[in-house]
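Chains as they are written, first to last, in this note's numbering: chain A, 2 to 111; chain B, 992 to 1544.
Honestly, the hints are just simulated from the structure, not real lab data.
Just so you know, not all the hints are guaranteed correct.
As the list claims (entries may be wrong) - Derived EDC-like pairs: lysine to aspartate or glutamate, alpha-carbon spacing no greater than 16 angstroms straight-line:
#1 B:K1208 with B:E1244
#2 A:K96 with B:D1503
#3 A:K96 with B:E1507
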Amino acid sequence: MKFNTEDIDGIFIISDLPKILDASNAIEFKTDIAKILENRPKVVIDMSTVAFIDSAGCGAMIATLRMLKGMGGALKIFAVQKQVRSVFELVRMHKIIDILNTREEAVDSF
Amino acid sequence: MTKGFNEMISPEYHDEEIPSTILVVDDSRVVRTYLQSHLQKEGYVVSLAKDGKEALSMLSEDIGIVLLDLWMPEMDGMACLRHIRENYPDIPVIMITVSHEISNAVDAMKYGAFDYVTKPFNPNEILALVQQALKTRAQAQRLRRVEAELARARDHEISIATRIQQTLLLGGQPEELKGIKVGDLTIASKRIDGDFYDFFMVQDHCMDLIVGDVMGKGIPAALLGAAAKHHFMSVLYKLTRISGNTSLPRPEEIVLTVHDEMIGDMRELETFFTLCYARFDLYRKILSYVDCGHMRTIHFHSATNKCSLLQGVNMPLGFPGQDDFKEILIPFENGDHFFFYSDGLTEAKDTKDEFFGEERLLEFIQNNAHLEPQELCDITWKKIVDFSQSETFSDDFTCVAVKIDLPETEEKAEKSWKLETVNDLKELSRVRVFIQELCESLGQNAMDEERIKMVQIVATEITTNIIKHAYKGKKDKKILIEAMASDEEIVLYFYDWGIKFDFSTVPQPVFDGSKEDGFGLHIIAHTADYVRYSRDNTGKNCACVTFFLQRRA
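Bound-form chain A, shown alone (with noise of 0.2 angstroms):
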């Protein structure tokens, strides 16, 4: 799975996800995501591609906030489309993840 990621003063931002995260791809994304994540413990992942998650795909999220709080770093997601919200709230996500509204608020979050 091909992302776009981008390093701005030790944040690490990455975008173009696909557009449907589902279990026919979650373990790809786990798998790939973890691969580029190594030493980079702050991450910012921009959400606004993603159309359609279902419960795999919120796995394969919280895979990734665990495996960066386990590095000492965080996660923080923007431009979360509708019904991936409904979808991260109905298991309560947003509980456990910061979703901000932009990529300047993700990042100054930090």
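Chain A is fixed; fit chain B onto it per the hints.
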């Protein structure tokens, strides 16, 4: 309560009239006349007998007390005492004995003699004993009268409670609901339990049934049962008519509202009641069930000829600290029976003190489920009477049987769709396209984009579950999705032929970020309006979900 009983006791019983004739029984004429003269001097009427045999012939209710010599030729004092105790339990007997026979006199007291005196005796000692015995007798007699009065008052209370039960607690059978047949039976116990039930026709395809049992007995329990029924009626009315809701209030909402309205009073009265709230939705073939500590309802499945037990997780109403009640949804099929009952059935005892019990009841219902509901109630009563060999129980006997008896109808859905696919996660996007297209074809007002996405996520989760769990490790297996839509709702059926889905193996979701999986079912349950799962005899699994359309809500 105590005050009420006292008021019912007539004043004439406060002073008991005790006959003052004293029967003196002694074989010695000297002793007889000696006692006669002393007692007559004090105003007592005295009768004399020379032995036990003669004494017995003279005994009557007019005798107030007996002075009885322990040793006599014709029937001794002991035998005579036993006879008096058996036939005239109220008459006190004072034994007369000589000093070397004291141990026998003590034995006599074990057999119910009031006291004894030893010869030679002091007349004052005898008089004091006689007075004391008469006073004790008067007290005992008064106690018995009071007890009789109490029993009368209790009977009176029971007759009032019975009337309350018959008129206020038991609901009449619903007049007409196509597709459902009902039977009921109540046999009041001697004490009245406060069992209650009622039926509410809430929609043309929906019947609500409440079955409850108030803790305690008698009038207080009966009145609380009546009050509870009234609360359910008014809450139903309030939540539907007054609030202007077009959709029905959920059973869990109704139970919570009644609980909130009644908790204050119940806490003050230190009581509670158990309850089943059951809504039979004939259109969706779903029982919505809120159980609050009631006996477990028996569900007979016509498809398998087997019974299962329904059990909720809620505490009885009146227990403090409850801020929500959980409702469970149970799918049913045509021909299924539901049997609701009070503890009077399972706690009926046989002559060896053994309970009839849930297991026996379950088996009995299973074997007799071919009967009509009313017959089923009646025959259950007969069975339990046979078992306990008694027609009177310590608890009320209440049962309600509901049989699903749907007429064969034409298909209600206006449109239907079908998608056949295989157990490959790559197919998930195809499933979503299928959902998208059929939802859009319902017209613009039916579902907005967000709602369609919610249907899509449920479809994704169910299909993923089938692939990952039902067809675990297998390839090229079929998944069939059918959809039907009416003006009111869209119903999706997901069929697979994999292993049976077992709810009990699904862990509760953890939301603290420590677990990456286990959210699928949670998402399904909180997104669809109705969910049910069944497996038929051929090993075909069906997960069925319903979504209401917007124009309905």
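Status of the hints after comparison with the structure:
1. With a CA separation close to 29 angstroms, the supplied pair K1208 of chain B and E1244 of chain B exceeds the 16 angstroms bound.
2. Distance hint between K96 of chain A and D1503 of chain B is fulfilled; the C-alpha atoms sit about 8 angstroms from each other, no more than 16 angstroms.
3. A distance of roughly 15 angstroms separates the Cα atoms of K96 of chain A and E1507 of chain B; the hinted pair therefore holds under the 16 angstroms criterion.
In this structure, only the earlier hint numbered 1 is contradicted, and the remaining ones agree with it.
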